[in-house]
Amino acid sequence: MSKETIESSAAAIAGRVGARELSAAEVTEAALGRIAASDDAVGAYLTVLGDGAREHALRVDARIAGGESLPLAGVPLAVKDNMCLTGTRTTCGSKILENWIAPYTATAVQRLLDAGCVPVGKTNMDEFAMGSSCENSALGVTRNPYDLSRVPGGSSGGSAAAVAAFEAAIGTGSDTGGSIREPGAFCNAIGFKPTYGRISRYGLIAFASSLDQIGPLTRTVEDAALAYDAMAGFDPMDATSVDRPVETAATHLRRDLKGVRIGIAREFDTAKLGAESHACYARAYRDLEALGAELVEISLPTADYGLATYYLIAPAECSSNLARFDGVRYGLRVEGDDVQAMYEATRAAGFGAEVKRRILIGTYALSSGYYDAYYVRAQKARTLIAADFAKAFETCDLIASPAASSPAFEFNAKSDPYSMYLMDYYTIPFSLAGLPALSVPCGWVTPEGGSSPMPMGLQLAAPLFEERALLGAAHAYEVATSHATRHRPRLAEVAK
Amino acid sequence: MASDSIDVRYVAKLARIALTDEEVERFGAQLGDLLEHVRALEKLDTGSVAATAQVIASRNVERGDDVRGCLDRETVLEQAPQRQGAFFRVPRIIAAE
Amino acid sequence: MTAATGVSAALRSKYEAVIGIECHVELRTATKMFCGCVNEFGGEPNTKVCPVCLALPGALPVPNRAAIEHMIRAGLAFGAEIPAFSKFDRKNYFYPDMPKDYQISQYDMPLTQGGAVTYWREDGTMGRCALERIHLEEDTGKSTHAGSGDGRIAGSSYSLVDFNRAGVPLMECVSKPEIHSAQDAVAFLEALKRTLLQLGVSDVKMEEGSLRCDANVSIRLAGSAELGTKAEIKNMNSFRSVGRAIESEIDRQIDVVESGGRVVQETRGWDEARGVTISMRSKEQAHDYRYFPDPDLVPMEVSRERVEALRATLPEAPWIRFTRYTAEMGLSPTQATQLVDNVPLADFFDRCVTASKNPQQATNFILGDLSRLANESGVQVAESKVRAEDVAELVALVEGKIVNSKIAKSLLERMWAGEGSPKAIVEREGLAQTSDPGAVARFVDEVLAANPNVVADFRAGKTNVAGFLVGQIMKASRGKADPELVNRMLREKLAASDE
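Chains A, B and C, in that order, give the protein sequences.
For reference, each letter of the first sequence is one residue, going 1 to 496 in our numbering.
For reference, each letter of the second sequence is one residue, going 497 to 593 in our numbering.
For reference, each letter of the third sequence is one residue, going 594 to 1092 in our numbering.
Chain A extracted, bound-state conformation (with noise of 0.2 Å):
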């Protein structure tokens, strides 16, 4: 029973317990034991919650007798260790907040728990949200399900992950520059990251707070969107969210693409990433077109500019977002002769190379002297970046492209920042206009040297605010093409 439960889908579950054919503290049972057996292999988790898990299960199991109806009941949900959630450690893969334990709860998280999930652990993650393979985590290795000798995307590579070994059936990501797509794709999960504002910021651990977005990954299109319409909306704790109606997605999933026209770059020239790549992308379109869609050329003439500028404003942002930690009001602190001393000695302790080069770019860049010839003209090619976007949605209603730039790698195959950088390329130039964009399963490719058959993501992505057309498209590809479960993960205990 407990293997079926945990490897359905979140919809399937809130069904099941709304029903009252399980329980929640039941289903929570089942996703602990499922981390039990399989995550010394995957390492997904950097805390487990445990008894705390089973006291939210109690909750929602008593909210349902009192005759609540809850559309996520149940369901396991992995949570970012960037996310806070009351009492429990969230350290965003760092040393500098290795044992802090968050007094709030993230909006975005509550809202999940306000619909029912059960959070069963915290997930691991690139350091403060900086990578794209979670190797930057300074508290955990994250393996990929589908190969463990390969990483599983980052940032939010634990969440992807997590859900991908059937540890959780939502995971929570943050995308700054693809951090929910790129694991998404790499661990054969949908990774949404909704339009920029749709969900609260609050109790997000920020990177880049103009990119930030949270947003679900999960095995199917279905489940994203019900977790979409739980967390969406506006919040007043953050001044960034968006005052707008939520047009719920779960309620408009469709069947096929009649009458919808998806933009391909000719920028994005598939033929770069290899032969196999290139043929699976090569077939996703026309699988598209095959659902009815009407493939269009668009032209994104600065999407090159993506990374520079992305690369600019992004450590800028976190320059000064980082800042705080310095050892005064919480985390770790290396003492020092005078205060100063001790700043540099603790932030010198605390942080990994990946998140030290990312702050000083962006001091740099934000610096007397530098700020005109970096940061406002990094803000200026955002500002055309956004503009070719929304001259390309003139005639699309969607655009298709590469989720990433490879399937999973090696661990340590990037060792030159910015090989890994490079990762990105595709997703970050939506990020830079604020669009919705998810990543959906495309097929599977096994890479050079490798020994098992890689997932592949194709990015979707839509205007601002149209995420009710974006999940609702993502669906019907997902149901017509089924490439998520032609593999299994290659753990022992779920392959059989």
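Since the hints were derived computationally from the structure, they do not count as laboratory data.
Careful: at least some of the hints might be erroneous.
Derived lysine-lysine pairs resembling DSBU-like cross-links, with alpha carbons at most 30 Å apart [as the list claims (entries may be wrong)]: (1) B:K509 - A:K258; (2) C:K823 - B:K509; (3) C:K994 - C:K978; (4) C:K978 - C:K1055; (5) C:K607 - C:K680; (6) B:K509 - C:K827; (7) A:K414 - B:K539; (8) C:K999 - C:K950; (9) B:K509 - A:K95; (10) B:K509 - A:K272; (11) B:K509 - C:K735; (12) C:K735 - A:K95.
Away from chain C, derived, C-beta distances all over 12 Å, residues of chain B [claimed, not checked]: (13) S501; (14) T516; (15) L540.
Ideal placement from N, C-alpha and C gives every residue a C-beta, glycine not left out.
Start from chain A and add chains B and C according to the hints.
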């Protein structure tokens, strides 16, 4: 944009991160490399374009002057790296701001 | 008043002092600038904090509408422009009382631009100092320093931080360097304080830290247009300190220049006990604050409707009221200041003047006996049982010589006690002054007849005994005789019987 290399020590000081000599050299090279790529932006004609203030069009988000509960003091202080009674304690401050 | 160096007046007149004032004013709102914590002076340390003002990971700021409106009103009160577009910027620097290690402030697009503070001196002359800017930001926490013996940073071994104050809305007001004396600097501050108090936007109490100010002081040869090197003076805890500190600094700079030296650009702290400014450790390098627009906040577009609606709530500016009282009504600067500093009293005064058309007499009663009664009883004139219209009535009675000043005084006491209209009292009790010459003459004759010795003394040259006689006549008339008439008649009769 100048084609200067970053004064890593100066920037690290601004950012309050102590670096080893090895880090200064390694980061200097890596960041120099990144800056080379970033220089591509010089090719973009951004003259007539406004910098993005916010990707969303919101304006005037304010809240009413209403009291909200504060945190309990023990919660606030129990995770302080160093506390003294009701205060956070820090090493001596040399220069006033 | 010169400082310890005792710079002479002659030397002083060789130079012109150039002073700019920079103030930080805590705004009076129920909650902090970016979170819902209580905004209140005092209280147990670290009890008025939340994830936002403590800068816990993941917390976000949301601006307080009341603080924004206070700012706009203050700007309007100083005649500033309210631009249509404004934003918040981050000012980045590391310091233990700054929870985020950046301060949310405003850099190049503040809520108000320009404006000026109009102030007046003790002699009633006016001065005006333009403002560079007024912008909105958040306050820091407070640190106390231990181990140095005197609570100062220098020599301390550690510090303790309280974040109750962190996040309180703060108005930073920077003047142009258009002040030229310590006295004017104090007058400027008093005018600033007056305006802000009247608007209700701040308590403006230096002793509670809701007003803090620094002064930038430089000197130049009188008549020169170039600015000298300035020193920034901090650590002044009262208006009096500000005056003394600036005086002291001007003298110090003159001394330096006169002895062939050059003034160094530095920060100096005022030492109240020793009466001098002391150089604080000069910073090795200027701060690079790396200002950039705060991405956690959205821009503010201030509509003209909103500005006009706020403008309509402004009371009459203190300096305009002051001018009205001095130039139009002939009050002395001291009297005018007394009224301007007490808005309900000034409103009471205005109502009385409107009804009586006699500012001088109204002033005498209101700032004289009524204020005395207010001080004694602890009840404000404007909140007492006395109505402004009744005081106007009394003014008319005195003007018409129906009551003399002594009766008027006792009427005021009775009005204070709640007896109401003075006219009614006078009629009821027949307190009208006796101005009938015949009646007065009878009283005079009575008293002269009853005091022959005194009369003799007067004739012998002791003219001051006339006072006693006047007193007796007033007594005989039960205080109602017109004193003017009494004096005149008495002198006539005393002189007459000389013949």
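Against the structure, the hints:
1. The suggested pairing of K509 of chain B with K258 of chain A is violated, with an alpha-carbon distance near 58 Å, which exceeds 30 Å.
2. Between K823 of chain C and K509 of chain B the alpha-carbon distance is near 28 Å, which keeps this suggested pair within the 30 Å criterion.
3. The suggested pairing of K994 of chain C with K978 of chain C holds, with an alpha-carbon distance near 25 Å, which does not exceed 30 Å.
4. The straight-line distance between the Cα atoms of K978 of chain C and K1055 of chain C is roughly 46 Å, outside the 30 Å bound, and the hint therefore fails.
5. Of the supplied pair hints, the one linking K607 of chain C and K680 of chain C is violated, its CA atoms being roughly 45 Å apart against a limit of 30 Å.
6. Distance check on the hinted pair: K509 of chain B and K827 of chain C sit about 27 Å apart at the alpha-carbon level, within 30 Å; holds.
7. A hinted pair counts as satisfied when its Cα atoms are at most 30 Å apart, and K414 of chain A with K539 of chain B qualifies at roughly 28 Å.
8. For a cut-off of 30 Å, the pair hint linking K999 of chain C to K950 of chain C stands: about 22 Å separates their Cα positions.
9. A C-alpha spacing of about 21 Å is found between K509 of chain B and K95 of chain A, which places the hinted pair at or below 30 Å, so the restraint holds.
10. In summary, the hint linking K509 of chain B to K272 of chain A is not supported, as the alpha carbons are separated by about 41 Å, beyond the 30 Å threshold.
11. At most 30 Å may separate the alpha-carbon atoms for a hinted pair to count; K509 of chain B and K735 of chain C meet this at roughly 24 Å.
12. Annotation: proposed proximity of K735 of chain C to K95 of chain A holds, straight-line Cα distance about 28 Å (limit 30 Å).
13. At roughly 18 Å from the closest C-beta of chain C, the C-beta of S501 of chain B stays outside 12 Å, upholding its exclusion from the interface.
14. Against chain C, the non-interface label of T516 of chain B holds: every CB pair exceeds 12 Å, the least being about 20 Å.
15. Even its closest Cβ contact with chain C, about 20 Å, leaves L540 of chain B beyond 12 Å, as expected for a residue assigned away from the interface.
When held up to the earlier numbered hints, the structure conflicts with 1, 4, 5, 10 and fits the remainder.
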